[in-house]
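For reference, the chains in residue letters:
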Amino acid sequence: MAELADAYGSGPYGATRGGSSPLVSNLLDDQTPVGCNVSRKLTHMQLRLYIHIGLWCALFAVFLAFAIPIVGPALVENQIGPAEVNRSIDAYILALTGIEHGSEKLPDVFSRLPKAGPLIIVVRKDDSQSEFLGMMIGYVSWPREIKLIKLATPTAEKELAGINPDSISGLVFCLVDPPAWLGKPIRLGSSIFLVPLPKTG
Amino acid sequence: MTLLGLSAAYVTILFAGFGITLLMFAKAGRLNLVECSCLSWLLGIGAVSLLVWLCGTFCSGLLLQAVVAIACLALGISGWTIKRKLGSKFTLPLPRNLIEWLLTSLLLVEITVFFYVSFKHTLGWDGLLNWEIKARYAFLNGGVIPGSYYSNPGRAFSHPEYPLAIPFTELWLYLWMAEPHQFWVKTIFPLFYAAGALLLALFVTRLSTKRWPGLIVATLLAFVPFLSASPGGITVGYVDFPMSVFYLAALGYLLCWYREDTVSNISMFAGCLALLPWIKSEGLILWVLLVFFGLCLSLPKHRTRQVTLALLPGLFIVVGWRLYLRLMHTFPHSDFAHPSFSLLHQNFGRLADIGRVFSEDVSTPVYWSIFWLLAAVAIGYALAARKLEKVILAMAVLLPIVLYPLAYVFSTWPSYTAHMTSSLPRLLLHVVPAGWLAIGLALTQPKGQVR
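So the sequences go chain by chain: A and B.
Residue numbers for the first sequence follow my numbering, so the first one is 1 and each next one is one higher.
Residue numbers for the second sequence follow my numbering, so the first one is 1 and each next one is one higher.
Calculated directly from the structure, the hints in this document are not laboratory data.
Heads up, some of the hints might be wrong.
[Said to hold, decoys possible] Covered by chain B, according to a simulated footprint, are these stretches of chain A (three or more residues, beta-carbon under 8 Å):
{"hint": "1", "segment": "50-64"}
{"hint": "2", "segment": "77-83"}
{"hint": "3", "segment": "87-101"}
{"hint": "4", "segment": "144-151"}
Even glycine gets a Cβ: it sits at the ideal position worked out from N, Cα and C.
Here chain A stands alone, though its shape is the one from the complex (with noise of 0.2 Å):
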């Protein structure tokens, strides 16, 4: 910054082009507070670079900081495999129920069902296990028709009550334990019940 001030103001460059006219001097001394203005614009904006610079090394510091040890161990849980057709579907079976092979498994059992009329699937309302091993043997049960029915209560007697058991062809519970009036329900996994055939009470 000191440099264009003398460039412009005084000493060798002034002195060669101007010399000691008084005109020349004057627009010289003019341009004193223009050089300023430049040098101090200059100090401003490489101020300005230095916060910039500053201040996204820092942001991008901590948003690492942060992330490192979240996005890390994430990676590396796990490992790979089964290559398997049903790898997802069976794996989520196999933690809810404990079926192996139950995207095979399931659908064979329910195949012996009777093929007019739905399969009712019982749940738990608002127990996230209960309703995701509902919507799985939904998805398995395909293509026959389904219909979930999501328990507010403990028990599923009044929810039961009004299904005509000839108009269904099964009822499977779903980390429900299956009204004694039903009959006799058949065990499938560790929480899930089929009951083939239900009779009224």
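Got chain A sorted already, so can you dock chain B onto it with the hints?
Leaving out everything else, chain B in the frame of chain A:
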């Protein structure tokens, strides 16, 4: 045989997409090979899913597969022929210095890691029960979703009204593998990451005329925890990240078009815009916003006609899909009530809770680290620039973030805060790559302002 089928499915998708890309870019002269590859994937899945859906209305099984495959080949051949006729040349932008080499290498490592990680995880809840379920049922029925699926209230949990871009891409893989292989189908999602990260780098480079900010933000994209380490991220088969890539692509080409008024830019904007509502229902909100932004940018250029034409393909898809759902007697979805002023008035009191849950969500480091703070600073930079395209970019990040939480005023869940907690982070994900675009452009801004 499975891997051979998988390869054939990918070849047909990419061939169709490559053809469409070349048709749109034919007049450009120089064709960026990285850009063309990314767009081949995005437009390829759009073309294949639309073709499977449309052709599935009059044929099924092997015939459907053959018809769509021939259409893909025809698109590829047409694109290549036009490209040769116009003498366009491919270029591969290589890194020019050590930093660019380092950042590019890191980006490629990240893409590889996402492929690796996606093999370790199963499909997530929504990935399986909202999206893959449609592909599986269609596969079991010769490539066509049976009408009974749409109208069965028992399967309303799987949202039959959701559009079919991703399910039918999965279906295309299933048809070629000849089995609904849930392990290999996950390979489509890291490809979206690859396309998104590379396009992000490309847009920042193109709009800032510097390559390093583009490479930096593309590399940092993977570090957003919700993307790579959460149940709604890239590796679990959800469509929210693919949607964010389409949003980024449409926004990026719109901004490029504002800077450089070319047919290829506006055509690509139209293509990516059209596919937004075909990826997920919420894409309609982003579609409306982008149309609005497009019209804003077209006014000073006196190019409203171009933007109006660009919104037509999307309009056809939206109307066509709605009509189809009506014809199929689709069971109405129940997560949101039909918006009305009376309901708005009735649920107005929810706004305080919505604001609280929203602020809690965006400040959760386990989901976002401090990404939203970075985005807020970048929005500040963009607004301070007082240039129309920068203001539009800021709005493109800001408006969806404001509109998405407001939608919960119409939530029909017994607990709308639970509804928000379960789905808002995934909706916010739609804006993340666009947010990185704003950040990337903010990195180079002070010099531009002084100049």
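For each hint, the structure was consulted:
no.	hint	result
1	50-64	holds (count 8)
2	77-83	holds (count 7)
3	87-101	holds (count 5)
4	144-151	holds (count 4)
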